[in-house]
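Top to bottom, those sequences are chains A and B.
If you read the first sequence in UniProt numbering, its first letter stands for residue 1, the second for the next number, and so on.
If you read the second sequence in UniProt numbering, its first letter stands for residue 1, the second for the next number, and so on.
Derived from the structure by calculation, the hints contain no laboratory data.
Among the hints, erroneous ones may be present.
Derived pair list, reagent style DMTMM-like, types lysine to aspartate or glutamate, alpha-carbon separation capped at 20 Å [unchecked claim]:
1) K183(A) <-> D23(B)
2) K136(A) <-> D235(B)
3) K227(B) <-> E161(A)
4) K136(A) <-> D109(B)
5) K246(B) <-> E161(A)
6) K136(A) <-> D23(B)
7) K161(B) <-> E288(A)
8) K2(B) <-> E162(B)
9) K313(A) <-> D235(B)
10) K227(B) <-> E188(A)
11) K136(A) <-> E180(B)
12) K161(B) <-> D237(A)
13) K16(A) <-> D109(B)
14) K15(A) <-> D235(B)
15) K193(A) <-> D27(B)
16) K193(A) <-> D23(B)
Below, each chain spelled out in residue letters.
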Amino acid sequence: MSLLIYAESAEGKFKKVAFELASYAKKVAETLGTTVTAVTVNISDVSELAKYGVDKILKVNNDKLAGFTAKAYADVIKQAAQKEGAKVVLLSSTTDSIYLSSLVAVALEAGFASNVVGLPVSTSPFQVKRNAFSNKAFNITEINTAIKVLGLAKNSYGIFENAGSATEEDFNPTIDENDFGVKVASVEKGSGKVSIADADIVVSGGRGLKGPENWGLIENLASVLGAATACSKPVSDLGWRPHSEHVGQTGKPVATNLYIAIGISGAIQHIAGINSSKVKVVINSDPEAPFFKVADYGIVGDAFDIVPQLTEKLKAFKAQHS
Amino acid sequence: MKILVCISHVPDTTSKINFSNGDSEFDTNGVQYVINPNDEFGLTRAIWFQEQQGANVTVVNVGGPDTEPTLRKALAIGANEAIRVNANPTDGFFVAKQLAEVIKNGGYDLVIAGKESLDYNGGMVPGMIAGILGSNFLNSCTAITVEGNNVNAVREIDGGKETVNTTLPLIIGGQKGLVEEKDLRIPNMRGIMTARTKALTILEPVDAPVNTKAVKFEKPAPKSAVKLVAADNLDELINLLHNEAKVI
């Protein structure tokens with residue numbers, strides 16, 4: 001038996017979550033006294049994975065898998081798990097991996113815990129800690145099945161190098177035509193900008209910015225930090241910014257290293273969506289804004305004065321530290 | 001078209017989250033329950049199909065008798081009938097198994113579940129139903145239209161969206177976008193009155209394994225107070241983010 005991870009990629013390159021998952025898997029495998037096998041889809045150079053502790057890589061190359069198809073990918077992961085006799089299958093929490101993980105769990109008759117944070121609390125019985133109640137609590141979940149599937153919450157473990165070497169093996173799973181019942185007709189992606197899902201830093205604006213014409217403030221600050229831009233629900237409801245930027249309970253969840261909220265009061269629904277970010281900064285003119293209760297750092301003041309100054313200072317800081 | 005909308009009965013977002021019995025159970029004292037927001041977007045879209053395309057809408061919940069007011073609310077919003085599977089919804093697979101049974105027996109064409117419930121945040125039930133039944137499945141669905149057997153839908157992806165074509169029978173994990181927030185409905189008096197006479201069928205659960213169990217709950221450690229930085233001392237903020245928080 002070994003431990004299997006699905007190392008997710010996009011456009012021929014591993015996503016950062018794949019390295020986090022590999023780092024996590026290495027540690028879990030050590031506890032279980034086993035090794036880590038990764039399955040990859042359509043990646044020619046997989047060597048980078050070895051840096052994070054992966055021992056064996058199953059390379060799947062198949063034109064039919066050129067676009068992401070949840071069922072087909074789940075089928076590939078299932079076959080890889082069976083081939084390796086994997087008792088633990090680890091997946092990340094991107095939109096795509098969340099999409100396929102429950103299919104993998106059913107196919108392997110495995111108990112599934114999603115949103116897992118941290119290493120297993122115990123391996124016998126097998127218990128993991130996970131986020132629940134929209135980040136207002138954790139729950140310890142026990143998995144009773146022979147095979148276990150875990151979904152690791154994004155940015156909850158970190159990336160750790162663990163130099164070693166990995167053996168590579170071509171893997172040709174059976175591809176079932178019936179897995180392609182959902183066909184992608186077109187894809188729309190934000191142009192060249194950092195997406196909220198991939199970003200280490202997110203700069204988010206609220207109604208305090210008074211109108212869409214002032215979003216340059218947010219964009220400039222984000223650009224200096226290499227950050228993604230986001231907004232609160234009222235801003236997207238008012239049509240100032242696209243829905244895809246709305247973060248919060250009914251919008252996109254955010255789990256970044258640094259979340260900067262500008263002119264956002266911090267309604268409970270907003271906080272629920274961003275609370276698993278590690279460090280939160282708030283800039284707001286109202287010292288009573290609820291966001292100050294959950295933030296690590298805060299500035300009370302006028303965003304229109306502060307943000308341009310902060311952007312300039314960060315520009316100088318970045319120039320000095322790069 | 002027969003539509004089944006899966007409804008989770010969850011604490012309102014503003015509820016205080018506490019645990020009882022040695023932190024092993026959610027403390028329901030003083031908690032207001034609502035239709036899970038992701039499910040409510042799906043329900044409202046289903047009602048749109050009912051009004052525009054003559055669909056029949058059934059709502060279903062796996063839960064005890066205490067969840068019936070939530071089902072009645074869904075009926076008041078406009079669903080034609082309701083089903084309650086009389087079981088404690090402890091494990092995602094157990095719930096998916098119950099729902100798959102309802103779907104098989106009811107011959108539903110389109111099953112709309114929320115992509116995630118706001119209590120356990122498992123996000124696994126719609127995919128598991130699809131896995132059990134082998135139906136087409138679309139998660140994170142933000143728009144859907146149906147013509148005959150053909151479905152055109154949109155899925156949110158990291159950094160954008162994709163448009164897909166598929167066919168019924170279909171399971172979706174839905175979310176905001178299926179309808180806009182402003183289109184959500186508050187039951188009116190007439191809806192509430194007619195909901196009382198609509199059918200609410202109670203089914204006993206089928207045997208299914210309980211693969212996982214929530215054994216304990218914890219609340220996050222209390223947060224230390226915010227460090228305030230003066231608006232004219234932005235260098236200090238940069239210093240803190242760099243040297244203390246180490247995030248820039």
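Can you list which hints this structure breaks, lowest number first? Of the numbered hints, 1, 2, 3, 4, 7, 8, 10, 11, 13, 14, 15 and 16 do not hold.
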